[in-house]
Amino acid sequence: MLVLGVDSATRVAAAAIGDDKQLVAELFFNTRKNHSQRLLPMIAALLAETGVELADLDGLAVSLGPGSFTGLRIGLATVKGLAQAAGKPLVGIPTLDALAWNAWGVPGLICPVIQARRLEVYTALFRWQEGELCRLTPYQAVDPASLVSLLESYTAPVYFLGDGVAPYREVWQQLGARAHFLPPPNNLSRAAAVAILGEERLRTGRPDDLSRLKPLYLRPAPAERQTR
Amino acid sequence: MAQETNILAIESSCDETAAAIVSDGTRIRANIIASQVAVHRRFGGVVPEIASRHHMENIVPVVTEALATAGLAFGDVDAVAVTYGPGLVGALLVGLSYAKSLAYALGKPLIGVHHLLGHIYAGFLAYPDLPLPAVCLVVSGGHTNLVYLEDHTTRRILGSTRDDAAGEAFDKVARVLGLPYPGGPELEKLAREGDPRAIPFPRAWLEENSLDFSFSGLKSAVINYLHHARQVGQEVNRADVAASFQAAVVEVLVTKTLLAATSYRAGSILLAGGVAANSVLRRELRSAGEQAGLPVFFPPRELCTDNAAMIGCAAYYQYLRRDFAPLSLNAIPDLPLN
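Residue numbers (UniProt numbering), protein chains in the order written: chain A, 1 to 228; chain B, 1 to 338.
Any given hint could turn out to be false.
The calculated label-pair distances, taken between Cβ atoms and stated as ranges, are [unchecked claim]:
(1) A:30 - B:321: 34 to 44 angstroms
(2) A:108 - B:69: 51 to 61 angstroms
(3) A:45 - B:69: 33 to 43 angstroms
Taking lysine to aspartate or glutamate and the DMTMM-like style, the derived pairs with C-alpha atoms no more than 25 angstroms apart in a straight line are [what the hints assert, rightly or not]:
(4) B:172 - B:57
(5) B:108 - A:163
(6) B:172 - B:65
(7) A:214 - A:170
(8) B:108 - B:186
(9) B:108 - A:58
(10) A:214 - B:49
(11) A:21 - A:209
(12) A:33 - B:334
(13) B:189 - B:235
(14) A:214 - B:284
(15) A:33 - A:209
(16) A:33 - A:56
(17) B:172 - B:150
(18) B:108 - B:49
(19) B:172 - B:240
(20) B:189 - B:251
(21) A:214 - B:65
(22) A:33 - B:186
(23) A:21 - A:208
(24) B:108 - A:56
(25) B:108 - A:224
(26) B:172 - A:224
(27) B:172 - B:251
The set of hints was computed from the structure by calculation and includes no laboratory data.
Note that CB positions come from ideal geometry on N, CA and C, so glycine has one too.
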């Protein structure tokens, strides 16, 4: 099953092609350049270089968030256009799931943290159970100290990863020997994980509604917050 | 018979998600608008993040509906056009990202259109042969410009507002008069019952022969007038205030447009933008044009406010000269017209 995965939720712009759970190709940039200028040319280059046509794909997958609101919309609008024009199914993959996948098989809790401004991180807790990535808590925006308090109620080792690791390292280290960190490249979300998780979803579940699919913002728009 | 050129156009620069299909720059096959006016009303103005979120949910449905209305399939589309500025950057990026990937997936050219040029070309949708060179007055909530159109490729800004846009002044004055959002059309309605000569609000002419505009002083004068009346406990005739304010804006707009048209020897005058729907402005500009022997054109009202058909028309002239954009095209919130 040939799937194109796209991720522009954070500073990373990435696109990958997966085929039957194997990675065929991946383009990945962790540099400050506008996603709007880079993302589609990257996808075009990836397809051209691999000789894969949009028509050959079995589906598309996109990193749905949480993350940068604008980055999420660039990614989702881009794949919506591709999926609609090519008549292909589309699935949205929560960015935290894709990030947790970078801690494949670790024995303990997986705690992806994505910078969320206002001194908070987007997070959820995961664990590998019988070869399946299981999510234990809801996706949420939370301040790092509260997250550590929550983690103190568990006893298992905790594997932190994501772009929220470095800015709050001292907070995570309050867990002492239970806090574990992954090699730096694993802190960045990968389109490969989006493509492979997307393939799973396309195999087992229903594709998302192309018209109605929206990013996983986790936060209301600023003005809505004020009037509530 | 030669095949028609079908352009699928997309517009998301502010609070309307719009898609249109225009054939040969004149025939509107579909013109679909998902308006967010009701969404933003409770905030008294457009909230950029909320607008961007709604664009995300509206963009596929408006394009699907445009194709269905036109009775066309993606395969019939010859080019994809999109507004890439000026506007709210987050809002622009939804339409732009989507339009770019459509163009790429269909293997068709991408055409990036300037939003104001779109407003100007709303006139060419209705009057493809309007005499050039023309002077165009573009008035909306975000812009007030006098533009010299030499032909379909050469244009020049002759004058711009130095502070508030004319439409912005309408909206702000409507707000202090307690009128509901969006205030411009409501103010025009109220003004119909008022006397435009009741209150001598100031006209900002700026330097002699200047083609620039300024409306913030007028707006302040209205606020001060209402404030003063409240202080001395004087009854205010709101309709007179609305009519007198509107008369001050229209007089400056019309006079400067005529000055531009005569000094640049234009063959016609074109009115464009959301405020071009204002009946008093249309009437006064037409009568001033007639006196000067200049034909005045304005688009039908439904094409004055933001829509994608105007983008499709502007894009057609870019299509003819193969003015295509790369897939790296970015949204530019303060895109200049020149």
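Status of the hints after comparison with the structure:
1. A:30 - B:321: 34 to 44 angstroms: holds, 39 angstroms
2. A:108 - B:69: 51 to 61 angstroms: Given range 51 to 61 angstroms: holds, Cβ gap about 56 angstroms.
3. A:45 - B:69: 33 to 43 angstroms: holds, 35 angstroms
4. B:172 - B:57: Violated, at roughly 30 angstroms.
5. B:108 - A:163: violated, 38 angstroms
6. B:172 - B:65: violated, 35 angstroms
7. A:214 - A:170: Outside the cut-off at roughly 34 angstroms; violated.
8. B:108 - B:186: violated, 42 angstroms
9. B:108 - A:58: holds, 23 angstroms
10. A:214 - B:49: holds, 14 angstroms
11. A:21 - A:209: Roughly 24 angstroms separates the two Cα atoms, so the pair holds.
12. A:33 - B:334: Judged against 25 angstroms, a Cα distance of about 19 angstroms means the pair holds.
13. B:189 - B:235: holds, 20 angstroms
14. A:214 - B:284: violated, 46 angstroms
15. A:33 - A:209: Violated: residue 33 of chain A and residue 209 of chain A sit about 30 angstroms apart, past 25 angstroms.
16. A:33 - A:56: violated, 30 angstroms
17. B:172 - B:150: Violated, at about 34 angstroms.
18. B:108 - B:49: Cα-Cα ~31 angstroms, so violated.
19. B:172 - B:240: holds, 16 angstroms
20. B:189 - B:251: Roughly 18 angstroms between the alpha carbons, so the hint for residue 189 of chain B and residue 251 of chain B holds.
21. A:214 - B:65: With Cα atoms ~19 angstroms apart, residue 214 of chain A and residue 65 of chain B stay inside 25 angstroms; holds.
22. A:33 - B:186: violated, 44 angstroms
23. A:21 - A:208: Roughly 20 angstroms between the alpha carbons, so the hint for residue 21 of chain A and residue 208 of chain A holds.
24. B:108 - A:56: holds, 19 angstroms
25. B:108 - A:224: The given pair, whose Cα atoms are some 39 angstroms apart, is violated under the 25 angstroms limit.
26. B:172 - A:224: Holds, at about 22 angstroms.
27. B:172 - B:251: holds, 19 angstroms
When the structure is compared with the earlier hints, violations turn up for hints 4, 5, 6, 7, 8, 14, 15, 16, 17, 18, 22 and 25 and for no others.
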